[in-house]
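A.B. asks: Take a look at the letters that make up each chain.
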Amino acid sequence: MSKSAVDVPPMGGFNFDLCRRNDMLAKKGVNPPSFRKTGTTIVGIVFQDGIILGADTRATEGPIVCDKNCEKIHYMAPNIYCCGAGTAADTEAVTDMVSSQLQLHRYHTGRESRVITALTLLKKHLFNYQGYVSAALVLGGVDCTGPHLHTIYPHGSTDTLPFATMGSGSLAAMAIFESKYREGLNRDEGIKLVCEAICSGVFNDLGSGSNVDVCVITKGHKEYLRNHMLPNPRTYISSRGYTFPKKTEVLITKITPLKDKEVVIEGGDAMEE
Amino acid sequence: MTKQQANWSPYDNNGGSCVAIAGADYCVIAADTRMSTGYSILTREYSKICKLAEKSVMASSGFQADVKALQKHLAARHLIYQHQHNKHMSCPAMAQLLSNTLYYKRFFPYYAFNVLGGLDSEGKGCVYTYDAVGSYERVGYSAQGSGSTLIMPFLDNQLKSPSPLLLPAQDAVTPLSELEAVDLIKTVFASATERDIYTGDKLEIVVLNADGIRREYMELRKD
Chain A
1 MSKSAVDVPP
11 MGGFNFDLCR
21 RNDMLAKKGV
31 NPPSFRKTGT
41 TIVGIVFQDG
51 IILGADTRAT
61 EGPIVCDKNC
71 EKIHYMAPNI
81 YCCGAGTAAD
91 TEAVTDMVSS
101 QLQLHRYHTG
111 RESRVITALT
121 LLKKHLFNYQ
131 GYVSAALVLG
141 GVDCTGPHLH
151 TIYPHGSTDT
161 LPFATMGSGS
171 LAAMAIFESK
181 YREGLNRDEG
191 IKLVCEAICS
201 GVFNDLGSGS
211 NVDVCVITKG
221 HKEYLRNHML
231 PNPRTYISSR
241 GYTFPKKTEV
251 LITKITPLKD
261 KEVVIEGGDA
271 MEE
Chain B
1001 MTKQQANWSP
1011 YDNNGGSCVA
1021 IAGADYCVIA
1031 ADTRMSTGYS
1041 ILTREYSKIC
1051 KLAEKSVMAS
1061 SGFQADVKAL
1071 QKHLAARHLI
1081 YQHQHNKHMS
1091 CPAMAQLLSN
1101 TLYYKRFFPY
1111 YAFNVLGGLD
1121 SEGKGCVYTY
1131 DAVGSYERVG
1141 YSAQGSGSTL
1151 IMPFLDNQLK
1161 SPSPLLLPAQ
1171 DAVTPLSELE
1181 AVDLIKTVFA
1191 SATERDIYTG
1201 DKLEIVVLNA
1211 DGIRREYMEL
1221 RKD
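Protein sequences, first through last, are from chains A and B.
Heads up: the first sequence runs through residues 1 to 273, numbered per my numbering.
Heads up: the second sequence runs through residues 1001 to 1223, numbered per my numbering.
Just chain A, with the same shape it has in the complex (with noise of 0.2 Å):
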């Protein structure tokens, strides 16, 4: 591609080769294949004695929902746990990704993560790839220094706020916090006032369904309460059952015989070598 007398050693950041090659294919018609977004609405807020998080539970493949229950809730220390809206797979591979990293540090310097080391280490990820992981966070955790609650943007700018919702049923969470949230709340209503949050989401975004997800952190002690509420049953299943045929249906049967294989004996010449 580029004509350098020298073979450039590869400088860190995105490797855009191949954007000319995909331009090509989609002028051609091949068009990249599509991502798994989980759609998603998650939130955090920061009440009195440290951070809640809260997250649905679907996962969808454009207009088809391809998981009824997913995770969105990611692990990242004992102390810190992070939601992650967009694309699946960048979620998952980045908050992995810091997650060990985290655990390296905490092995180096024999203390507990601080929520900021978290955040450094995401954004400068993020940024490094200039949007194109497409991973929206909400951060929060418990440390040494107090409750943080943070949002990531895919770009890698980040915010801290005392409450924060992310995803496409963002706008229907913040409602439910811009109306109702207030400084000092207690665990049971910070609960509440997430689920409520979760299912404003749920109901009104079609990005999002299913469960509701909560994480309360404190400090010294973390509870993963998942599917904490169920809100959507299935509404109707038949009494009678379906039966479905135990193999494929024999339509036509045609028997075509071989012909019978000719031998052909050489006396030729063995091969030179």
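No wet-lab data here; the hints were simulated from the structure.
Do not rely on the hints blindly, as some may be mistaken.
In the EDC-like style, the derived pairs of lysine to aspartate or glutamate whose C-alpha atoms are separated by at most 20 Å in a straight line are [as the list claims (entries may be wrong)]:
{"hint": "1", "chain 1": "A", "residue 1": "Lys-222", "chain 2": "A", "residue 2": "Asp-49"}
{"hint": "2", "chain 1": "A", "residue 1": "Lys-124", "chain 2": "A", "residue 2": "Asp-159"}
{"hint": "3", "chain 1": "B", "residue 1": "Lys-1003", "chain 2": "A", "residue 2": "Asp-23"}
{"hint": "4", "chain 1": "B", "residue 1": "Lys-1222", "chain 2": "A", "residue 2": "Glu-196"}
{"hint": "5", "chain 1": "B", "residue 1": "Lys-1222", "chain 2": "A", "residue 2": "Asp-67"}
{"hint": "6", "chain 1": "A", "residue 1": "Lys-246", "chain 2": "B", "residue 2": "Asp-1156"}
{"hint": "7", "chain 1": "A", "residue 1": "Lys-219", "chain 2": "A", "residue 2": "Glu-183"}
{"hint": "8", "chain 1": "A", "residue 1": "Lys-68", "chain 2": "B", "residue 2": "Glu-1194"}
The structure presented is a predicted model; accordingly, all values stated were derived computationally and were not measured.
The hints should help you fit chain B onto chain A, whose structure is shown.
C.D. replies: What follows is chain B alone, placed relative to chain A:
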């Protein structure tokens, strides 16, 4: 110099699914009641089903503004027919009228995916399925709309309609009873709602038989 793309589209997709099943002496037409745009819900209680004639009921998904215009057009044509012929239009006649109406706008189509159900002149159930520009076919059952790709394979498995190309011409209607067909519809919509984000809220079922028309509702998932 790449071709200039339009920066405005006259169409929008309001989502939803429609199904119709024909029986020996009844016809079931069903559609969900959710109207959406993009990732938002416009309303949870919009009926996609319209009675065109005494024994013809049409369910349409797609762009509801075009659907509404199409329904008005067909209702007007039916009224004129009644004045001129002193009788209601039969279902096969209505089927052809719908096809011609759709093809009339071949080069600026009605963004409507229709399924017409009713009773033919012998009282047997009939279902006609359409594409956006009027290609139609009489079948034993059909599904259209955003959930159609999820629903059709299941109906094919359970109802197994014979090919219309076979000779002697085989009956397309299903041997199922009316209650079994309604049960099938409910199952099919509950399943489509699980996996299609544009289908849900409420299910409207219309049953046409010799006694008249009956309407039934069922709750679906609202997420």
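A.B. asks: For every hint, state whether the structure bears it out.
C.D. replies: Do the hints match the structure? See the list:
1. About 11 Å separates the Cα atoms of Lys-222 (chain A) and Asp-49 (chain A), which keeps this hinted pair within 20 Å; it holds.
2. Restraint check: the Cα-Cα separation between Lys-124 (chain A) and Asp-159 (chain A) comes to about 14 Å, which is no more than 20 Å; the hinted pair holds.
3. For the given pair, Lys-1003 (chain B) sits about 16 Å from Asp-23 (chain A) by alpha-carbon distance, which is consistent with the 20 Å threshold.
4. For the hint pairing Lys-1222 (chain B) with Glu-196 (chain A), the CA-to-CA distance comes to about 15 Å; that is within 20 Å, so the pair holds.
5. Between Lys-1222 (chain B) and Asp-67 (chain A), the direct Cα distance comes to roughly 17 Å. Compliance with the 20 Å bound is thereby established for this hinted pair.
6. With a C-alpha separation of about 15 Å, the suggested pairing of Lys-246 (chain A) with Asp-1156 (chain B) holds against the 20 Å cut-off.
7. Our distance criterion of 20 Å between C-alpha atoms is met by Lys-219 (chain A) and Glu-183 (chain A), whose separation comes to about 18 Å.
8. At roughly 8 Å between alpha-carbon atoms, Lys-68 (chain A) and Glu-1194 (chain B) fall within 20 Å of each other, so this suggested pair holds.
When held up to the earlier numbered hints, the structure conflicts with none and fits them all.
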